[in-house]
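Trainee: In the order they appear, the protein sequences are chains A and B. Residue 34 in the working numbering is what sits at position 34 of the first sequence, and the numbering runs on without skipping anything. Residue 148 in the working numbering is what sits at position 148 of the second sequence, and the numbering runs on without skipping anything.
Keep in mind that the hints were calculated from the coordinates and are not lab data. Just so it is clear, CB atoms sit at the ideal spot from N, CA and C, and this is done for glycine as well. You may find that some hints are simply not true.
[What the hints assert, rightly or not] Taking beta-carbon pairs under 7 angstroms as the criterion, some of the chain B residues facing chain A (in silico):
| hint | residue |
| --- | --- |
| 1 | F11 |
| 2 | R15 |
| 3 | S59 |
| 4 | F64 |
| 5 | A147 |
| 6 | A167 |
| 7 | P208 |
[What the hints assert, rightly or not] According to the in silico footprint, chain B covers these stretches of chain A (three or more CB under 8 angstroms from chain B):
| hint | region |
| --- | --- |
| 8 | 13–25 |
| 9 | 170–180 |
[To be verified] Calculated lysine to any residue pairs in the SDA-like style (CA-CA distance at most 20 angstroms, straight line):
| hint | chain 1 | residue 1 | chain 2 | residue 2 |
| --- | --- | --- | --- | --- |
| 10 | A | K299 | B | D68 |
| 11 | A | K299 | B | Q223 |
| 12 | A | K155 | A | G23 |
| 13 | A | K302 | B | H71 |
| 14 | A | K296 | B | S73 |
| 15 | A | K299 | B | L72 |
| 16 | A | K296 | B | E32 |
| 17 | A | K302 | B | E92 |
| 18 | A | K299 | B | H71 |
| 19 | A | K155 | A | R2 |
| 20 | A | K296 | B | G52 |
| 21 | A | K299 | B | E236 |
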Amino acid sequence: MRRVLIVHRAGPGVTIQDGGRPGFLAFGLSRGGATDRLALAEGAALLGQSDDLAVLEMPGMGGRFEVTQDTRFALTGGEMRATLDGAPLVWNASHLLPAGAVLDIGPVTSGAYGYLHLGGGIGTEPAMGARATHLTAGLGRVIEAGQRLPLGVDKGSRAGMLLPRDDRFRGGTLRVVESLQTGFFPADDLKRFTTTTFTRDTRANRMGVRMPSDGPGFHVEGGLNVVSEIIVPGDIQVTGDGTPFVLLSECQTTGGYPRIATVLPADLPRVAQAPPGAKLGFRFVPLAEAVEAEAKFRKHCKDLPRSLQPLVRDPHDISDLLSYQLISGVTAGDDL
Amino acid sequence: MTLPESEPTQFPCIRTVGIDGMLVSFGDRLSEPANRAALALRAAIEGEGWDGVEETSTSLVSTFLRFDPLHLSHATLTQRLTGFLQGTNWTEAALPEGRRYFRIPTVYGTDLAPQLDEAAALAGMTRDEAVASISGTRVRVTTIGFAPGQPYLGELPEAWNIPRQNALTPTVPMAALVVAIRQLVLFSVTTPTGWRHIGQTAFRLFRPDSDTPFVLRPGDEVQFVPTAGDQLANMEQDPNGGAEWEAIP
Numbered sequence: 001m002r003r004v005l006i007v008h009r010a011g012p013g014v015t016i017q018d019g020g021r022p023g024f025l026a027f028g029l030s031r032g033g034a035t036d037r038l039a040l041a042e043g044a045a046l047l048g049q050s051d052d053l054a055v056l057e058m059p060g061m062g063g064r065f066e067v068t069q070d071t072r073f074a075l076t077g078g079e080m081r082a083t084l085d086g087a088p089l090v091w092n093a094s095h096l097l098p099a100g101a102v103l104d105i106g107p108v109t110s111g112a113y114g115y116l117h118l119g120g121g122i123g124t125e126p127a128m129g130a131r132a133t134h135l136t137a138g139l140g141r142v143i144e145a146g147q148r149l150p151l152g153v154d155k156g157s158r159a160g161m162l163l164p165r166d167d168r169f170r171g172g173t174l175r176v177v178e179s180l181q182t183g184f185f186p187a188d189d190l191k192r193f194t195t196t197t198f199t200r201d202t203r204a205n206r207m208g209v210r211m212p213s214d215g216p217g218f219h220v221e222g223g224l225n226v227v228s229e230i231i232v233p234g235d236i237q238v239t240g241d242g243t244p245f246v247l248l249s250e251c252q253t254t255g256g257y258p259r260i261a262t263v264l265p266a267d268l269p270r271v272a273q274a275p276p277g278a279k280l281g282f283r284f285v286p287l288a289e290a291v292e293a294e295a296k297f298r299k300h301c302k303d304l305p306r307s308l309q310p311l312v313r314d315p316h317d318i319s320d321l322l323s324y325q326l327i328s329g330v331t332a333g334d335d336l
Numbered sequence: 001m002t003l004p005e006s007e008p009t010q011f012p013c014i015r016t017v018g019i020d021g022m023l024v025s026f027g028d029r030l031s032e033p034a035n036r037a038a039l040a041l042r043a044a045i046e047g048e049g050w051d052g053v054e055e056t057s058t059s060l061v062s063t064f065l066r067f068d069p070l071h072l073s074h075a076t077l078t079q080r081l082t083g084f085l086q087g088t089n090w091t092e093a094a095l096p097e098g099r100r101y102f103r104i105p106t107v108y109g110t111d112l113a114p115q116l117d118e119a120a121a122l123a124g125m126t127r128d129e130a131v132a133s134i135s136g137t138r139v140r141v142t143t144i145g146f147a148p149g150q151p152y153l154g155e156l157p158e159a160w161n162i163p164r165q166n167a168l169t170p171t172v173p174m175a176a177l178v179v180a181i182r183q184l185v186l187f188s189v190t191t192p193t194g195w196r197h198i199g200q201t202a203f204r205l206f207r208p209d210s211d212t213p214f215v216l217r218p219g220d221e222v223q224f225v226p227t228a229g230d231q232l233a234n235m236e237q238d239p240n241g242g243a244e245w246e247a248i249p
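Excised from the complex, chain B in its bound form (with noise of 0.2 angstroms):
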């Protein structure tokens, strides 16, 4: 694709959005170490606390913060970032502290996930190459966004790098493990999409009523272990359907 003429060649990068928002970007698509930058520095400036600063998120590729432009002035804040990128090499930093790796049982294809074949056909591989290749695939949360805590997952090999549908599905349900552009999603809710089905778990992602209603924090790692479909039905009694976790040291 030919990229437009204001699309920001240098990074990172400082953008407004909206009137109360600040971006910085480290690319112009995914990749690991442009995450791994977004998510070190709204760690960093969580910790510097800064007045006026009221809200912080990452997203694949960059850190956002929402202010307030009537007590901390745009150019203000864009100096305070720009001082503050200067000296780290955001992209070889730490990842934030308290990481942990969950194991998620997936029921992959079957009338679960109808779209496994499909998905494995764009991939180039068959029905088993396709699953050995996502369960076997140790992804990285790399944001949680467009629904309540849900993650976005990556990156799955070159294989993967398979586009959207057309059309959107009408309908997947919730906890539907779904597949594009060498990335996972896992739903937190039911919702029509245009990512390939080709999983099913019984993990809920957004628990309002529970102390720690969000349970995948960004730069969480996950694998999708295979299981039989006679099993989803036990999963579902379990709000963690079957995973087990550690933290990451």
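Isolated chain A (complex conformation) (with noise of 0.2 angstroms):
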């Protein structure tokens, strides 16, 4: 018999997601995959395995979930409160799923997107070399209560794991490049831009954030008419009314709203995971200083493995115990 992930329940915008599909630019399909890429190393890092394969991605809310044999899964991006036949769970850890018990993940309780992770990934039959839904293109859908889902070969049996959290759950400031209509924006607006503070609105999705300011918006004079052009996940577009929006993977391929500048790809898991009401600012770096910041990410991801700790348990009170986060020492302080 296959293993099969059941779905009892999910939150609206479920999807399954991966890596994405790179290489369909040239045909208006933009890469897609996960909006917190390294959410996927992590969960790939707590359970030994690829970060290629399909989790599922959880915006706000998760759903509850079951298994026909038991497997390894593991819970991270932003936090949700998570429990396992009513025992809370440790996020941004990994555990074992009995076959028959019940996985619950309720609403974020810090950042925006939550990632169930499962060993042997989701198993869905690909389309155009991946597995990621892109809502926009209409690949694939977004997960309904009562599907099964197929779940691949799992080579490993490590679980019991844990990462440290950082802190990309709560705004900051994102390192931004200087991109092709940068030049567009009068200097002073240019040097407001980068001494705002703009707050994640609730308009958000898988293409972009919107974040206004108190301020006046950005414009460039006669904006609406530069020519329409390539778009790359990171580009900060001004629309019409002045308000920049932070595009993300499943973003359109071309457009003609000018764009003010480029987050850095090691920084937008800040932007997809900022939740409603974070506060962000822009702070721009020579181009230089983010070819570094990329190799140091991408080191990050690769040797995340070296940072796994055993999820310790006290058998005097394990049952409170597994609800604490004991690692990082930074709570939001509502949970203890």
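Since each chain comes alone in its own frame, lean on the hints to assemble the complex.
Mentor: Here it is in structure tokens:
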């Protein structure tokens, strides 16, 4: 019998994601894939498997799941309230899901997108080289209650590991580089752009995140007549009302709104995971520094397995202990 | 419009896109030579197979290269591109090989495409003149973009230099033909748009389950042949929407 993940309930917008489909830009299809790529690497490290495997991306709310055979799983990204047969589970950790047990993943408590990784990955039929759902392209669709998702062969066996959490779940400063249209904006506006505090709007999805501020908007003279040009994830598009919009993995491939800058790929997980209302700012860095940051980010992803720690269980108060963050030392304060 | 000072004034120009993109532009507005140059340069670079270049594409007037900046430095790639650009007049280069000429049946106006009259008025034509003008122009796929498999087609006669609408039309159906700024777009998905909906086809541009998921390619040519509204239901039985095509020699 094939291993299957049974979906009893799913939050709105839960999708299957992986690293996406590079290579179709020339045909108008953006790469897509997980909005928080670091979460993919973290789940892969926790389960000791490839980060190419497909996972469930859960925006804001998880779901209720069951497996037909014992299965390892890991939870990464924005933290959500999670229980296994009612017992609290530690986030950013790997666990065992026995056949027939109920995994409940509730609302997000920090960040925006939670991820459920399964040993062997989700084994749905790839389309055009990937399993990632691309909603705007109509590739795949959102997960619904009653679905049974096949799982791939799990070559590993280790569970009960923990990764320290970083600080990408509460906004912060985003490093940006100049892009092809940065020079179209007046110098004063560019300076103001880097000194303004922006707020992550509730209007956000896999295509991008709107970031209004209290101050005036940002404008290019004749901006609506700029020739349509290539768009890449991280581009900060300034729409007609002067509000920046940071584009994410499912962005369109060309567009006519001028782009004021581009967020470094290493900082895009921070954009994706900023919860509604989080404060964000932008800081220009030279291209050379941005390339160094990319090298550092890739090394960080590659070295994640070295940061793994065993999930410590104290037999005396195990049911409470597992709900605490033991390692990072930083919590929101409302979970203690 | 007054161009911002930093707008490039010399073409071709090479600019960075994010940290892993390089863009060679041949103009600051759509023109046949700039589009021809972008298509030709991309074809030539694809033929070179440069190590570290992961993907290429074209937009209306530019060739884009996505590369690995840890493997191929910005300086090296810029130098290589600069050298490659020299010695060829890309704006007069031959178009890529393997282009095709499509004739796609199109219902102009009626309830299926309610903005024909409005667009015709903006172009200073009667409805019949507008249909004759659009359907009589053999347009080229200048770029595929925005949505999967979706072509921008141009250029139409100067009369069609009509603006986008101020407000978006909340939704037009898949395979809708829309017009603005001397260009046509044939939508691959159901979408909101600021362009005016003048024709409806049944041509499916994106077929994810097929071996060739994207039907049209940059450089292909298309003519939108008028057909009666009652034909649309028949056309919808066929993913090609009754279209015919042949190779361009």
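Trainee: Do the alpha carbons of A/K296 and B/G52 lie within 20 angstroms of each other, as the hint requires?
Mentor: holds (19 angstroms)
Trainee: Below or equal to 20 angstroms on CA atoms is what counts here, so check A/K299 against B/Q223.
Mentor: The given pair, whose Cα atoms are some 51 angstroms apart, is violated under the 20 angstroms limit.
Trainee: Please work out if A/K296 and B/E32 have their alpha carbons no farther apart than 20 angstroms.
Mentor: With Cα atoms ~43 angstroms apart, A/K296 and B/E32 exceed 20 angstroms; violated.
Trainee: Does B/H71 sit within 20 angstroms of A/K302, going by the straight-line distance between their CA atoms?
Mentor: holds (17 angstroms)
Trainee: Going by Cβ atoms only, is B/P208 closer than 7 angstroms to chain A?
Mentor: holds (6 angstroms)
Trainee: Sort out whether A/R2 lies within 20 angstroms of A/K155, counting only the CA atoms.
Mentor: It holds: about 15 angstroms lies between the C-alpha atoms, which stays within 20 angstroms.
Trainee: Straight-line Cα separation of A/K299 and B/D68 no greater than 20 angstroms?
Mentor: Holds, because 15 angstroms separates the two Cα atoms, which is no more than 20 angstroms.
Trainee: Can the restraint linking A/K296 and B/S73 be considered satisfied, given a maximum Cα separation of 20 angstroms?
Mentor: holds (16 angstroms)
Trainee: Holds or violated: the hint that B/S59 contacts chain A, with Cβ atoms closer than 7 angstroms.
Mentor: It holds, given that the least Cβ distance between B/S59 and chain A is near 5 angstroms, below 7 angstroms.
Trainee: A closest beta-carbon separation below 7 angstroms is what the hint needs, so does B/A147 meet it against chain A?
Mentor: holds (6 angstroms)
Trainee: For the restraint on B/R15, tell me whether the closest CB of chain A is nearer than 7 angstroms.
Mentor: holds (4 angstroms)
Trainee: Report holds or violated for the interface hint on B/F64, using the least CB-CB distance to chain A and a cut-off of 7 angstroms.
Mentor: OK, holds: B/F64 within 7 angstroms of chain A, min 5 angstroms.
Of the hints listed earlier, those the structure fails to meet are numbers 1, 6, 11, 12, 16, 17 and 21, in rising order.
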